Amino acid sequence: MNKSRKGNENRRRRRHHDKKSDTVSVAIIGNPNCGATTLFNRMTGGIKQRGRFFECCHTAKEGPVRAHKNVTVVELPGTYSLSAYTLNDITARDILINGKPDVIVNIVDATGFERSLYLTLQLMELDIPMVVALNMMDEVRNNDIDFDLQKLEKELTVPVIPISASKNRGIHDLIHYAIEAAKDKTVPEKIDFCSGHVHTAIHSIAHLIKDDAEKADLPLRFCCTKIVEGDEPVLKQLDLKDPELKIIDDIISDMEHHLNTDREAAMADMRYAFIQDLAAKVITRTASTTREQDRSLIIDKILTHRIFAIPIFFGIMLLIFYFTFDSIGQWLSDWLGMGIDKTVSLIDNGLSVSGVAPALHSLIINGVCAGVGSVLSFLPRIAVLFFFLSILEDSGYMPRVAFVMDKLLRKVGLSGQSIVPMLIGFGCSVPAIMATRSLPSKRDRHLTIALIPFMSCSAKLPLYAMFISAFFEDNRVFIMAAIYLMGIIVSVLCALIFKHTIYKGDPVPFVLVLPPYRLPAMKSVWLRMWENVKEFIKKAFTIVFIATIVIWFLQSFDAGMNMVSDPDDSILAAIGKVAVPLFEPLGFADWRASTALITGLSAKEAVVSTMAVLTGATDGAALSAMLIEIFTPLTAFVFMVFCLLYMPCVATLATIKKEMNGWWHAILVVLFQTTVAWIVAFIVYSVGGIFI
Amino acid sequence: MTLDMLKPGARARITAVKGKGALRRRLLDLGLTPGTIVMIRKVAPLGDPVEICLRGFELSLRKAEASEIEVAAEDCSENTNCNICPYSKPEDKTSDE
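Protein chains in written order, with my numbering: chain A, 1 to 692; chain B, 1 to 97.
So here's chain B without its partners, still in its complex pose (with noise of 0.2 Å):
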């Protein structure tokens, strides 16, 4: 699974992030190491870019972008001290449609 194919309010753990060159160093720059918790968070109004949450912080990435990150679900419902992204509190429902 990749991360574009994810909907938003959905969580997911980043797996690997494939592609190379520039683009790849600024992902892994910005904090999209394996092993990450991510969330999607909305997406802008024309269908692309997304906007995903990590590490505390809101970042916008294209479509083909979030494409080359791959991902494993994560169900952090559970997970009560998930704290990799502040936002995604468990008992947040509040997100976009």
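Bound-form chain A, shown alone (with noise of 0.2 Å):
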């Protein structure tokens, strides 16, 4: 790239901006699906950090820029527009207009140029230095799709960076203008996109609120626009006061009568007559679709086919869980489980022979190595899981199950777009309770996120497992399969009965783009694998850890701090005795699969991490023939259903008590699901006592 950078004399220069110089922030922001989690990753390497932006908004990735000392990069949730539509828009703009960083990325998808742009031209209002990162530029080459860039760096009066994320191109450029934008403190000038009355009417509004602007530290430029578009956010923060007001609404009919069309659609159209005229300057090409949209097509034919649509669907998910739970997933969790009892044997062996004392060898076997251990060795099934989820997120098929199942969703009350945390929440409830951010409404979200801990997370894995080996090794496949429908159904059936109780109201727009099917890039895949795994890991080695140390504590002595030969004199059963009476009914009275119940609150994991410590069981085979002693196959049935369906973990309260705005409604889910979890564990053992 040999362009000249010397435009930046004409630049104007920004008034103030006096932070502490020494660290720049860079904001990646741009369209839903155009590569911003490829760039941030290729930027930091993946690696995440607490940041400047971490307190007003916990969905935002920040991390430090790589080979760059007090460079930060933080990514924006993808949006459309700055107006405030979803939650994710609203997150977006408020840390570009109150978190002020220092230069912003914009990150455009040339294949979807008008559309990108649209949100390009909102950014460059905001009196923020700004660098575009033109993206897919190796599609764009490969279909002889040529960009004047030159040409449009000057229309835009911002440097243009043409990149490839998913390749690895033009990073560095990228990092190095963005840098340079911080450094220089240029700001994009006002380009006059607007003509005859819409102009006149941004002129006017500009010298009637300046000193407002001013004063509530907004840029003025976006504060006249967004008033021409009637967007109440920025109204109600310039805290205008009648008069102005007054003449702010004149001046608006003025226009509108002027025009024959209304406030919001005048400016719409004319940011895109603009576009689509700096398109016409810019883009030459050949063809009028490129390779990637035709193969995206051919793939929709068969994808989202009249009547093969749906059976796909179903068949990609079965898939999925038969690698997780079968093939794959299976072949590493043995691996990985002989590999943690040869371990075990061989830290048993070390302490038998230096001789310590019996109590610290049982805490640190028996609690210690049986709890965290019994964990552990599901991890294989976990990153196996999580790998095929990230596939599918990135690969575009998401919102085509949106698509494809909105219609039936809506039915139960939900709309399309409630699939996709959903289909998360297989993996985990936390990831996916945030990304009910992009649902438009509040009712949608709510509905969401109630629903959400019935799909059966990851970590009730090994709980599924560890009953599975014990009591249904040969219907281990008609058993899971149970187990993740009960929730499904459950589910449905709850939404249903919201539907037409608290939950009422009318069904909500549902306006979804589809992007073209991409190749997911393994490293995005790979990482987001990581960044699960590696939250298992620390669960197991923190929570799951300090509880099965308590847990070896509490049932290893009695109210007297005398250690006991038998756990049924122990603290620990004396609490869990008091919560026996609950399960009775269900039919597990013993003790021990009460404290279990307890334990996992922490995190579900620890139900099996409790039950091999109170067991005593070391491996897996001596973990089976002790539940036997505990269960029946029915109420180990039972004692599954109620794990799947019961409170969700600690972690995803927090979630939901942040996403819900209070602890109010996640009382109310904990309350819900409880409830909901007995009464159908309960129908399970009356239903199941009859057959059998």
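Hints are computed from structural coordinates only; laboratory data are not their basis.
Fair warning: this is a prediction, and the values are worked out from it, not measured in the lab.
Ideal Cβ positions, reconstructed from N, Cα and C, are used throughout, including at glycine.
Treat the hints loosely; a few may be bogus.
[What the hints assert, rightly or not] In silico negatives: residues of chain B with every beta carbon more than 12 Å from chain A: (1) 1; (2) 2; (3) 5; (4) 6; (5) 7; (6) 10; (7) 72; (8) 73; (9) 74.
[Stated by the list, open to error] If you want the footprint, here are the derived chain A segments under chain B, 3+ residues with CB under 8 Å: (10) 102-113; (11) 307-316; (12) 393-406.
Make the complex out of the two chains shown on their own, each in a separate frame, by following the hints.
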């Protein structure tokens, strides 16, 4: 790239900007599915940390830029416009306006140029230095589409860097120019995309609110166009008084009268007219579609086919679960299990030889090793599940699922868009609940959040696997499918009940962009899988580790702090026995079962580790033998059903509290789910009792 | 005529976007402005929503939303440089039934 950067002189210098000048914060923003996450991973190497935007927004990812000291980058949620439609849009807007990053990297999908530029034009009004990263340039070149970058740069008055995030091209240049722009403090010029009456209206309003905008510390031009659009939040932030509001109303109605259209349409129309004009100037293409778009159409003919679409969707989900539970996941789990058993017996021998105190020996082997080891051996299954879920998310198939399933989901009061978070819920409820931020209506969000925990998360896998290997080895697949289906059926029933009671209301709009199918960048898939695996390992060595030590301690001593020979006399037994009457009608009156359910609240994996510690089993076979003594096949199944449905773990609860604004909702979710779990488990036990 | 009345494969020019509030904003933000040419790509397996194509990308919306968009029939077959919707090649007869 040998483009001249001398256009800087005629860019207006930014007036107020005097934060600590040695650090640079870069904000990546673009449309959803335009490659922002891939770019973020390229810039940071996938490392995330809490940064200056953490306080205001927990969903924005932030990390240090590789090989550049004091430069951090934050990835804002994907958005199409700075008007507030979904929570994601609001977050992005908040961070840009109130967080004031030093430079915006606006990532533009070169194959969806017009729609992407709509956001660009709004970002340019924010008085923040900016660089445009023109992404997907590999596709553009493959298809003989020619971008006149110099002309584009000149028209937009910001540097335009061609990149390909997935192929790792142009990232160095991008970082370089972004930092330079931040240090230069040059902001984009105000380009006049408006003409005639809209232009007049913007200028009149600018004169009127100049002081107010300065007082509210908002970019003037942004305020003007947003006022013309009729954007409520800006009006509120500016805190305009009556004479001004009246004059603005007059200006707008005058404009509407002359244009014979309304304010919202007028602005959108102006922007798109400018973009169309610009696109005609800078893009020359030989074919009207790209190969990727053609390919996408062909894939869509199959995946959204009139008859096959729904069977294919269920087929894909079944295949993923097959890989997780049976073939790949099973082999890997077996190997790891063997490795863990070997390690434990090595430690056991070592401790015997060195002659440590029996209590310590018991703590290490029967407590920590049994508990943490039994949980860790499920790591491969979780990795496999997240690997496939990440591929689904990155390939562009998820929006198609929403498209295909929308009508079905609407029957139970949800929208097609709810299915994406629900599917992620099979991995972990926490990211699933975060993913509801892309839903446009509050009602849909709350309903989806309330149902997500019924999608059996991966942390419950060890538990099912433990019971299946003890009781249902011959019907492994059937029992597993029954459990997952049970979760889905219960959530559908609950959704129906909600729809006719607390979450009544109108059907919400469904407007969803279907991006072209793309081969997922393996690096992103890998990183996302690794993040979740890391989280799991961290949990195993923190929450589960501590839980096992506490459980071991409570079950080894009695109230007088004497070591007990029979766990039945321990402190833990005393506590567990209090909860026993609650579970008596469900068939598992054993205090060890009720204790495991209680520790499961910290993390669902802890149910397994607790059972392992309480039964004193050091390996899988011993645990199976002990479980057969405590449960019958029927009560084992009832126990699994109860675990599937009862209140979510603390991490999920904290997320629900955050996303639904308050403990009140979280407490309701706890009560609701535990009640549902008890009722369903009771029904299963009663009905099962008739047949067995 | 409104957008939901069109059959798959049909093209039309938007004349007005009715409705109000956030939904209308969203539709305008996504480029469904008056004068834009759209094409109905397909209808979802269960009969709703529909997939439309405009400005070179695919958008899905429900028939209820589509009925807020007024359109006038557009014949693109004569217009060889109809670049507004790159997918709507005049010779493209492969669209789903």
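Task: Violated constraints from the hint list, given by number and in increasing order - done: The structure conflicts with no hint, since it agrees with every one listed earlier.
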